[in-house]
Amino acid sequence: MNRELLSFKPEPTGGETVASWRVPRRVTATLACLAGMATAAPMVYAAGYTVDPAGGSFGASMDLDCGDLVVNGPFDATGASFTKIGKVIIGSGVTFTAANATLEVTVGWENSGTFSGAGSIVTASNACANTSTTFTGNTTFNALSATVAGHTLNFTSGSEQTVTGQLTLNGVTLTGQGGTAYLTLPTGGGQTIANVGVSGVDASRGQRLAPTGTNVITGAAVNWFGVPTPTTPTVTKPVPVTGPFGLALLSGLLAAAAHLSRRRSGTSRRKPD
1 MNRELLSFKP EPTGGETVAS WRVPRRVTAT LACLAGMATA APMVYAAGYT VDPAGGSFGA
61 SMDLDCGDLV VNGPFDATGA SFTKIGKVII GSGVTFTAAN ATLEVTVGWE NSGTFSGAGS
121 IVTASNACAN TSTTFTGNTT FNALSATVAG HTLNFTSGSE QTVTGQLTLN GVTLTGQGGT
181 AYLTLPTGGG QTIANVGVSG VDASRGQRLA PTGTNVITGA AVNWFGVPTP TTPTVTKPVP
241 VTGPFGLALL SGLLAAAAHL SRRRSGTSRR KPD
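Going by our numbering, the first residue of the sequence shown is number 1, and it counts up by one from there.
Simulated from the structure, these hints should not be mistaken for lab results. Ideal Cβ placement from N, Cα and C applies to all residues, glycine included. Hints should not be assumed to be uniformly reliable.
The following label-pair restraints were derived from C-beta to C-beta distances [unchecked claim]:
#1 R208 - S112: 37 to 43 Å
#2 T218 - A149: 16 to 22 Å
#3 G119 - A220: 30 to 36 Å
#4 G226 - S116: 31 to 37 Å
#5 T212 - G55: 55 to 61 Å
#6 V227 - S251: 46 to 52 Å
#7 G178 - R205: 18 to 24 Å
#8 T147 - T180: 42 to 48 Å
#9 T212 - G150: 31 to 37 Å
Kindly produce the complete structure, drawing on both the sequences and the hints.
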């Protein structure tokens, strides 16, 4: 298939869905009309899509070529696969349903609505030459993964990302931007976490994260990593003077003191020659 941009729109006369080829990158398409093409092509290539307020659905695979997926209306992407998304932007009051879907997000995830992703996997990557992924708003993920070494996950202050299924982090840094953010793994969720740095991301609302690991950077990491083993102070126990050893030691000290006193006394009484 030609990797030029592909948009879908209703034909003005017949109402059928047709494909428009070689659309400039600045143009975004309307996903509301994509459902009819889902079975016609195994992969759709586009540089960004917008779901209009009327809503829509999509159930195939789409490479967004680092463009944004903007959801302005109810959108059902059950079982779909989205790769190389620049930003996922979910509008206020909008529900994005993505059960059993896979989404590769690069630049950011901005949620002002509702994400319903039972069985889905969201992966933060650097596929668009980005070095970080920023999460804004509160989202409940089924599975969240970030395993690109050196990548940074930024979470806006006060936001909370909840992972009910599997949280996978390896070689990444997590930071709270402008204040404390929250990353919550409730009871029953699983975690595979190694070689991560944390600063300003609080996990106290759920399980302890990376309980056998250590923070690879200096930063606030509430409810992360292993609990330091407290140092037990060494206490010198006094020797009881009433015990056998104490009495023997005391007797010896008294005898030595008496002997020293006698020697000094004898020296003082001796007359000079």
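(request) If any of the earlier hints don't hold here, list their numbers in rising order. (result) 1, 5, 8 and 9
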